[in-house]
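Chain by chain, the residues:
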Amino acid sequence: MQSKTPRRPGELVFNLFVIAASLFLFYSAYGIAGFDALSSAGAIPMMTTALMALCGVLILRENLRKSPNTAEKIERDILPIPVIVTIIAITAYALLLKPLGFIPTSFLFLLGLMKLFSGRSWVFSVAAAAGSVALIYVIFRLIFTVLMPQGVVPESEILAAIGHLFGGAK
Amino acid sequence: MMDVINNFLIPFLDLKLLSLVALGTFAGIYIGAIPGLSVTMAVSILISFTFSWDVLPAISLMIGIYMGGVYGGSRTAILLNIPGAPSAIATALDGFPMAQRGEAGEAIGITTVMSFFGGLVGIIVLAAAAPSVSAFAIRFQPRDYMLLAVLGILLVGSLSGDSLVKGVFAGAMGLMIGSIGLDPLTMDQRFTFGSTAMMGGISFIAVMIGMFGVSEALIQLHSMKTPGVKQVINRIVPSFGTIRKYLPLSLQSSAIGVIIGALPGTGGDIAALMAYDHAKRVTKNPEVPFGKGAREGLVAPETANNAAVGGAFIPMMTLGIPGDSVTAIMIGALFIHGLHPGPMLMVEQPHMFWFIVGCLTLANVFMLIFGLTGIKIFVKVVEMPRTVLIPLILLLSIVGAYAVNNSLTDVYWMLGFGVLGYFMRLYGYSLGPVILGVILSRLLDDNWRRAIISDQESLPRLMHGIVTSPLSLTLFLAVIFIFVSKTPLWAMIKRGRA
Amino acid sequence: MIRKLLGATLALGLTTLPALAEYPEKEIQGIIQWGAGGSTDTVMRAVTPHAEKALGGTIVMQNVTGGVGAIALNQVANGDADGYQILFGAENPLLYKVMALGDKDYSDFTPINILARGIPILVARPDAPFNTYPEMIAYINAHPKDVKFGSTGPGGLPSVVTAMINQKTPIDVTFVPYDGDGPALTALQGGAIDVMPAVLGAAVEGIKGGTMKTIALFDTEASSALPDAPTIVSTNPEFGDLLPWGPFFGVFVKKGTPDDIVAKLTAAYAEGAKAEDFLALMDGRGFKMMNISGDEAQAFLAKWQSTTAWLVQDAGLTKASPADFGIPKP
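So the protein sequences, as listed, match chains A, B and C.
Residue 1 is where the first sequence starts when you use my numbering, and the numbers rise one by one after that.
Residue 1 is where the second sequence starts when you use my numbering, and the numbers rise one by one after that.
Residue 1 is where the third sequence starts when you use my numbering, and the numbers rise one by one after that.
Keep in mind that the hints were calculated from the coordinates and are not lab data.
Some clues are possibly wrong.
What the hints assert, rightly or not - The calculated label-pair distances, taken between Cβ atoms and stated as ranges, are:
id	chain 1	residue 1	chain 2	residue 2	range
1	C	227	B	458	21 to 29 angstroms
2	A	68	B	222	18 to 26 angstroms
3	B	55	C	230	53 to 61 angstroms
4	B	139	A	13	49 to 57 angstroms
5	C	132	B	247	42 to 50 angstroms
6	B	193	C	230	46 to 54 angstroms
Unchecked claim - Some, not all, of what chain C presents toward chain A, calculated at C-beta under 8 angstroms:
id	residue
7	27
8	29
9	125
10	127
11	171
Stated by the list, open to error - Computed, partial: chain A to chain C, Cβ under 7 angstroms:
id	residue
12	145
13	152
14	156
Since the structure is predicted, the reported quantities are computational estimates derived from the model, not experimental observations.
Even for Gly, the Cβ is constructed at its ideal location relative to N, Cα and C.
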């Protein structure tokens, strides 16, 4: 399969990463049960990881035949700033979720990204973020009773107190 | 006979049951549409919620949610390229390109009508032939499931996009991801690197949300400033001619859906992908190529996954064996309400069977009604500014991944697979095969091992078993045929003849 | 639900904390070790609404699956011992240490209630060429490796029952692994396997419907759910010293939870487990009610662990010896 499309920036690095990861996983699959039996827990994992490594090498061969694309730049076409910022923001979200709790973390996450991307006014961003968090909270926490980490806002106590106010003890 | 009709009509005539089915279907569409909220989850919450109710209202609500939920997954697949549920993965392949051309309304219209049609076929088969279909489904041996899984894996060929090697890589990666965790058959740890958190494996939903939701959002960040696509929504309901044109394909897809749905251990997700592949094979000259917005690519998976609903009820009602995870929970619900689902249910309580058939029919009708109304509001989502939509999609993805198992680990996995998926997209790897691999991993692995153990670790004995059983032989020949037809070998044979 | 929604909208506007009330002052999180639709899930979802009523609080149930339940167990064990996280579990954690699945088990928990125990039963496909336990053993001895037994991995009920069989009447059969007794019983009905050790509840409807047949009930007395099923001790009395044995369902909180909270929960579940429709459900599914707590439950857990861990150890299925963890030999 000879494709005429040029090689994108970083493609070789990704390709080598794929091969290295596949080989490592193959080694790990071998460690499950070795060449013990056709029915062993490691048989199919060894087959799949070997196939991954093989495909990785075939892709590499194809890639080496292509000429690099000089029109594309890694900082513009592969990893532009918004993508990096978003990846960092999601990581920060995961790190802050436990200590800070669902409501503040989600609000800050949405506010930050919306403000940064849209460049609209603070009033707009705050309103959009708060509205979205409220909607998600109602759907996930109240209707589907998914217990999100509560953090600094004592929401369960508030909910319980309100429940008592309205219905008395159930 | 009067009895049958009476029980069938119960949900239609009782205003309370009627509104519960309607409510369930309506809620189901939204549950299905939001990645991370699943029908399985909703139905198990309903068990506690409807605990003190009578059995009939509880079942009505659950069936509504099930029917609506299977259909709802297509919404976000078409509008955002993020399947709301695994069974809508194939729908995104041609649905999203249509939305990008401003044809979201038409895509949703076709999807809705075809889902209704598929649902109807499933229900008819359930009502007319449940005992014989389940007798057939139960005869599937481990080697047959293994061959079925191999047949499924060959779909990689249809899902690979431009590069087959990259598609095969992605498929193998999916199979690998599916085997991570504690092997339930031997308690061996696979790819866990000694971590307890890894023992449960990687949540399939976290992989799906990461690969489709997060990576799609990251890709769209490149073109953030382009406004959303203006949608033309003047013809939503497809014309009679359109429906008639796709009738043969939708009938075939429904058949695939019912059978795959009725097999214990396989469900709507595999059925939809198989039907998509089937459509690609039988459609000689699509108006628009597959992957670019072919209507056939919507018709096949959407009829199949809704036909699988009726299919899943077949072993449940006749044998007490769940056809998928949702019917497994419903069996639990029937027990809690004092019924005994099993081979005797149809004998001792036939009214329950006809009541469920009635509920399914009603839910199917409501799905059509709710599906065809309110599309205008729904497609507004695509017209929203991306600068607001993308952060919202990301937050929903995070919450959805968290909700599956209440675990932050899943959020990290979602992010990891999101970034990996992002690079894979940039470098021309299609992601469909990854998900296909994850779905089929256990089916292939477990049944391969069962099959070879049953034949005392001997390949010749296994082959002998395959060629002497008509069912296995048929599946085996199908595998060979599809494999050959997708490799250069076929082209050579054809050229030789011409 | 409408009340809850109203509450939520108001909650966002509230700024002051309400005065602290008595336990439970907020929702309690209930973690179920097994997936939705499984027997642990069904039993726990059936008893909890009754316990909630007795407790005067809300318990939000969640399924946390994976690692034969180890993930759920660790989640609760790593949380606070404040009574706001309850573990709904089955017997498996008592074998985690010997199966090298984790370093925590129920010794890190306080039992609230051991609700019930399942009864193992040996079933076969209806056209299998034997009808009783001695006939089955005779057939297996005449046809070594031919008979296919279903199994669910080392440590599960089938492996323990098989270990019992091998200890008393050694057999040479082929074990085909399944990931639960549900799928294995499905395979049995399709003829993929011949014999399956299962829990009575999972097999009872199939037996009544004639899609499988009983070989022997692994208990010392007949069950009310299936009065005609012969017990193993009626044909092979040597099994008597291993029985009664069975998987169980229990409600646990982390060790160190304040005594008054443990007492409240214990009272609530003891009350909930007496509810009539729950008893009917358990009876219909062939579970034996236990409803024990406190020292009685502790003693039951210790005895169960010692019997089972050594049984699987002697069968060569363990990854570490029970002796390493101070589990006494029965």
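Okay, the hints, checked on the actual structure:
The hint said 21 to 29 angstroms for the Cβ distance between residue 227(C) and residue 458(B), and at roughly 43 angstroms that hint is violated. A beta carbon spacing of about 20 angstroms between residue 68(A) and residue 222(B) agrees with the range 18 to 26 angstroms that was offered as a hint. For the hinted restraint 53 to 61 angstroms between residue 55(B) and residue 230(C), the CB-CB distance of approximately 34 angstroms leaves it violated. Between residue 139(B) and residue 13(A) the beta carbons are some 51 angstroms apart, a value that agrees with the proposed interval 49 to 57 angstroms.
Between residue 132(C) and residue 247(B), the C-beta spacing of about 56 angstroms breaks the proposed range 42 to 50 angstroms. A hinted range of 46 to 54 angstroms holds for the C-beta pair residue 193(B) and residue 230(C), which are about 49 angstroms apart. Given the 8 angstroms rule on beta carbons, the hint for residue 27(C) holds: about 5 angstroms separates it from the nearest Cβ of chain A. Checking residue 29(C) against chain A: minimum C-beta separation of about 6 angstroms stays under 8 angstroms; hint holds.
Interface hint status for residue 125(C): violated, as the beta-carbon distance to the closest one in chain A is roughly 22 angstroms, over 8 angstroms. Hint status for residue 127(C) relative to chain A: violated, with the closest Cβ pair at about 26 angstroms, above 8 angstroms. Against a cut-off of 8 angstroms between C-beta atoms, the interface hint on residue 171(C) is violated, since the closest Cβ of chain A lies about 20 angstroms away. Hint on residue 145(A) holds. Least Cβ distance to chain C is approximately 5 angstroms, under the 7 angstroms limit.
Hint status for residue 152(A) relative to chain C: violated, with the closest Cβ pair at about 12 angstroms, above 7 angstroms. The closest approach between the C-beta of residue 156(A) and any C-beta of chain C is roughly 4 angstroms, which is under the 7 angstroms cut-off, so the hint is satisfied.
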